[in-house]
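S.K.: Take a look at the letters that make up each chain.
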Amino acid sequence: MKKFCLFRRRAVSTMIGGIIVLTLLLTALGTMVFVSQQYDAYQSLVSKMSQTDINRFAENLVAVYPGLVGPTNDSGTNRYTMILNNVGGIGTQIARLYINSTNSGCTSVCILDPAPSRTVYRFRQGDAFINPGEPAHNVTFWLPSTTTLPTDLGSNTVWIITTRGRIFSFQWTLPPTGGTTVAGGPGSLYIGPLVIKFEPILITYTTNTVSIPAIPISSGWLIPSHVNIIFFIKFANKGVNDVKLSKASNFQVQQFGSPGNVVNFWMIAPMSTNLCQNTFQRNPLTANVTCASSYSGGNTYPNGNNLVVYDGTKHPYIIPKNPTQPGVCCGPPVYVLFAAQDMAGKPNQNKYSQIPEGYDGPLYTFLDLTFIYDDGTGSYVYGVNLPFISFCAGDTLNNCRP
Amino acid sequence: MKRKWKSKLGVSTIVANMLMITITLSLAAILVAWAGTSYGAFTGGTQLFFVQRGEALQERVVIENVFFNKTQNLVRTFVRNVGVEDIKIVAIYINGTSLTPISGSPCTLPKVLGVGAVCEFDFNRTWSSGNIFIIVVATARGNQAATTARAP
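Taken in sequence, the protein lines are chains A and B.
Going by the numbering used here, the letters in the first sequence line up with residues 1 to 402, in that order.
Going by the numbering used here, the letters in the second sequence line up with residues 1001 to 1152, in that order.
Just so you know, the hints here were simulated from the structure itself, not pulled from any lab data.
For clarity, every value in this text was computed on a predicted model and none was experimentally measured.
We put the beta carbon where it would ideally sit given N, CA and C, even for glycine.
Do not take every clue at face value.
Now the stretches of chain A that chain B is said to cover, found in silico as 3 or more residues with beta-carbon under 8 Å [stated by the list, open to error]:
1. 35 to 45
2. 155 to 166
Negatives, chain B to chain A, calculated, CB over 12 Å [stated by the list, open to error]:
3. Val1015
4. Ser1038
5. Tyr1039
6. Gly1040
7. Gly1045
8. Gln1047
9. Val1051
10. Val1062
11. Arg1080
12. Gly1083
13. Arg1125
14. Ser1128
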């Protein structure tokens, strides 16, 4: 049988032909499989890079008014803080900042790379990543003490480069924005050139334990009693000239159930620039308030009850007119602070008034304002008295309900 | 037995069969060799194509800023590698002309940029306010990044 199989010639050519064809087919199949694998690998790379591009175009950073805050002296450097909103749908990492100024400052462009700690021409590495949707993210950077960015409108261009290669830019200083923060219109009270708008951000306060004023304060204007308290009240100017408040301005509080029991909160020095810029100007509701320029020694910061007496010569309250259209409501608003037991120049200007302990209930107030204003016919000292607001003293509003 | 060996009947058939088998096997061997070589070349070429295309695909280069220096007639160009592969920048064109960075430029051409790296190329170029410059950065793998900058 074995012999028969080995030497039979039938179907030998078929077998040889089959082997040849099979060899060719297998070779072709191997090639096809190999090419398919290569193509699949390439396609997965295409998908990956497409996703990378999608991620890149999902980035979106927007500067929030005021854009940059500073400079603050930080161990011999000028420290600035940039405020950004990540309005994109993906976390974004800043790779570099470029700042170019038109006149002084960064005239030959400033290039800022990340650094773990304070270094001139660097920004803080820990601030580089911004979560998706994160509002008011702070990015701190340092410039030499000799490099101060000019504050003319739009005199600096800031470019933000992300690690995915997107480029965002804005011009600083930003023009003020912020709908409800503008005084005037319905709900406003006009006293000569001054405008007081009855809105949630009209009044706020700091105390021994509240260092940063809440914007706005709790509903119903709930005020604590028997604590050192500094009131912040917002004014704007619709006149043709600036208004200068004088020291006799006073915020007077009376007990609703006991008329005649009066507590005076006299005007004190303006708040510190730091507090104004970092708290009020960063909040969209109060972003357009104006800050007393370079008054680092002002009130409340970093302590909520850090009382500084009023000095109308060195640091007066100026409520500015509308800078572009004088006579049209309104100039940028100003928060005026009231806290002292006495008028400036009197011995108790450095002592706090307090809402009396034991009186947790409704209070009503008067606002005495004295100011100097030139309506075009010459400067004149005005004095006005306004029935102002009511608020509730105590821990809860229940004290003021029947 | 003598008669059997001396018989010439069937010899031509055997020779013919042997010849046919030899020729067929030779042709088959040639065919298999040719197919193998062709397929090998094809797979090799395909692999090279996809690898190169893949590397080129992973390149991402951006011109992140261009600054103009009037006093020195400089055009400062900042190029960043934001892809996932190292790139080699071989040429930079300004308005269609390939330029060489000045001697004091922080980076010169050709320049290999690692992933995430940025480099500044300074070019001597006379400019005046309002001039438009089309800047193209070319990589060794054939990719380009282009931007248009207006002189301040």
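S.K.: Quick check: which numbered hints come out false for this structure?
M.R.: Hint check: 4, 5, 6, 7, 8, 9, 10, 11 and 12 fail, others pass.
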